[in-house]
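**Student:** If you want the building blocks of each chain, they are given just below.
2 protein chains.
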Amino acid sequence: MANIGFIGLGIMGAPMAGHLINGGYTVYTFTHGETPKALIDAGAKQCASGAEVARNADIIITMVPDTPHVEDALFNPEGVAAGLSKGKIVVDMSSISPVATKEFAKRINALGCEYLDAPVSGGEVGAKAASLTIMVGGSETAFNNVKPIFELMGKNITLVGGNGDGQITKVANQIIVALNIEAVGEALLLAAKAGADPAKVRQALMGGFANSRILEVHGERMVKRTFDPGFRIELHQKDLNLALTTARQLGVSLPNTATAQELFNACAAHGGKAWDHSAMVRALEKMANFEIGQ
Amino acid sequence: MANIGFIGLGIMGAPMAGHLINGGYTVYTFTHGETPKALIDAGAKQCASGAEVARNADIIITMVPDTPHVEDALFNPEGVAAGLSKGKIVVDMSSISPVATKEFAKRINALGCEYLDAPVSGGEVGAKAASLTIMVGGSETAFNNVKPIFELMGKNITLVGGNGDGQITKVANQIIVALNIEAVGEALLLAAKAGADPAKVRQALMGGFANSRILEVHGERMVKRTFDPGFRIELHQKDLNLALTTARQLGVSLPNTATAQELFNACAAHGGKAWDHSAMVRALEKMANFEIGQ
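For the record, the sequence lines run as chains A and B. Under our numbering, residues 100 to 393 are what the first sequence spells out, in order. Under our numbering, residues 100 to 393 are what the second sequence spells out, in order.
Think of the hints as simulated: they come from the structure by calculation, not from any bench. There may be inaccurate statements among the hints.
Stated by the list, open to error - Taking CB as the label site, the calculated pair distances span:
{"hint": "1", "chain 1": "A", "residue 1": "R206", "chain 2": "B", "residue 2": "E223", "range": "52 to 58 Å"}
{"hint": "2", "chain 1": "B", "residue 1": "H131", "chain 2": "A", "residue 2": "R324", "range": "45 to 51 Å"}
{"hint": "3", "chain 1": "A", "residue 1": "N388", "chain 2": "B", "residue 2": "V224", "range": "37 to 43 Å"}
{"hint": "4", "chain 1": "B", "residue 1": "E333", "chain 2": "A", "residue 2": "T344", "range": "47 to 53 Å"}
{"hint": "5", "chain 1": "A", "residue 1": "Q302", "chain 2": "B", "residue 2": "T240", "range": "18 to 24 Å"}
{"hint": "6", "chain 1": "A", "residue 1": "R324", "chain 2": "B", "residue 2": "A147", "range": "51 to 57 Å"}
{"hint": "7", "chain 1": "B", "residue 1": "T240", "chain 2": "A", "residue 2": "N388", "range": "50 to 56 Å"}
{"hint": "8", "chain 1": "B", "residue 1": "G222", "chain 2": "A", "residue 2": "N121", "range": "32 to 38 Å"}
{"hint": "9", "chain 1": "A", "residue 1": "I139", "chain 2": "B", "residue 2": "G306", "range": "33 to 39 Å"}
{"hint": "10", "chain 1": "A", "residue 1": "G392", "chain 2": "B", "residue 2": "L210", "range": "31 to 37 Å"}
Keep in mind it's a predicted model, so treat the numbers as computed, not measured. C-beta: ideal position from N, C-alpha, C; glycine also.
Same shape as in the complex, but just chain A:
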C-alpha cells in the first residue's frame, strides 16, 4: 500500500486527507500552520517541509488555493521537488492555471516522476461527503495507480487527457456554470419584470431545451431568494479570473465570461463576496432597479 503525502489542509484538504487515513493509508502532512489535531489523532504524520513529505510518500497530493501556492509548494528550496526520487507521483488537486500546470508537469517529469492535475468540484460539502467530481489530466498509468485514492475522495472521476486537461476541464465547468446562472438570471428577471410568476416560468421551462442543472438548482434559489452559500461568489471570481487569464494567454475571446465576472464584481461591490453564486442575478436586478419576487 502506497504512502501518501498531503500538502494543504484547509477547508477542502483536511476532510480529503481524513478520508485517506480512514481508508487505511499512512498520510504524511505539511500545511500552512499546524496539521489539525483531529488528523494527528487519526494518525497523520506531520512533516517539517514539503521535501520531507516527498521523501516519505510515494504519491504526493497538493491542495492549495491558487497557482503561486502550487508553485511554492512544489519548487521552493524546501518544497516537494527537493524530496522527490524517481517513480513517485505528484497529484495537484488545486484549481489552478492549465498553462502553468503543463510547465509544472514538465519540471516534475524531468525528475523522473509522474504528474497528475486533478482539480475537483463539489466544494466543502463534496470534500466532507467524499463525493467530489475529479477531472484528471496525465498518463493513464499514473491515473490507474492513483485511482483507488481518488475513489476515497470522490465519485465522478474522469481521465480527460494529458497534463493540463484536468485543469482546463475545471475551467470549462466554471465558465458554463457562471454563464448558465447568468442566463437563468436574465430570463427570470425579464419574466418577473413583465409581471409573470418566475416560479411558474421556471417550471414551464424545465420541460424543454432551456433545462439545465443550473435552472433546477440555482433557478430555484433565485425564486426563493436563498443566497447563503453553496458556492461563494469570491471563489467563482477566482475561477473566472483563471478562465480569462487562460483565454488571454491562448488568444481566445470569451465575451460573456468577461461580463459574468463584471457582474460578480458588482455583487462584491454590494457586500456580496460571500453570497452564493446564484446571487449574480442581484447585479442584474440592481441594473433593472427591480427584484425577482418584488
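Based on these hints, arrange chain B on the given structure of chain A.
**Tutor:** Frame of chain A; chain B shown alone:
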C-alpha cells in the same frame, strides 16, 4: 364540438391545422395566398378573410411570423375582430411581443371574447409530430376550453399565468437556449485551444453542474460539426430581437443576450443565417482564429 378557425398556414401552421382536421374538427382557414391543397382535400373550409373565419368559428387560432402580422390578422378592417361575437376565443400561437400581446388581449376582451397567448417551441419537426411545447397565458376557463385542441398539436402544455405570460415564457426560453449555447461554445473552444479533446471535456462536464440539454444536444453538434438545422440562426435572431425590445420597453438590462445577438449577427455576416443556432460557436471561433476539432 367547437368549430375552429386557423389563420396562417406556413411551415408551422399547415401541419398544426392538419392535426385539428384529423382530430375531427371543422377548420375554417385564411392565409397569405391559398390554403394548401392537402388541407382542402382533408376538409379545410377556405375563407376570404379573417372576419369570415371568425364568423364561422368558435375558437380562432393565429400562427403568423411576428407582432405586426398578428396585429394585422386581428385588427385590419377585414380581420378577426370584425367577425367576432361574444363568447368566442382568440388563440395566438405565434411568437410575438409580450407587451403588445397584453394590448391585443385587452382589445379582444373588450369585444366580450377571451384571448390566449400560446406560443410554441419545437419547430417544424414538433409541428409535424404534434409534439410542440405550448406556453399559455390567459384565463383558466379559456385554457380548459382550448386544452383538447392544444393536445392535438403538442405534448408539454402549461398555463403559466395571465395574458402575456405565455409569450414572456417563450422569450425566457429563447434567452436561456441562446446563452447556454454561447456558454458551451466559450467553454469547449477554450478547452480545444488549450489542446484538450472537446468531446472528452464535454463528456466529463455532463456529470456535474455544467450539464444542460444544450450541452447534451448542441454541445455534441459543436464537437461533431453538424450545423445543418435544427433551428435556424435567423429565427433565433428574431426571438432575441423580441427579448431585447421587450427588455428596453420594460427597463431591464440583458448584457449577455445582447452579446449573443451580436454573435448571431456575425454568423449571418459569414453566410450563416440558415445554420443551426449551435453554430453560434463559429462566431467565437472567428474571433479566436481557431476551430474546435482543428
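**Student:** Could you tell me which of the numbered hints above are not met by this structure, giving the numbers in increasing order?
**Tutor:** The structure conflicts with hints 4, 7, 8, although it agrees with all the remaining ones.
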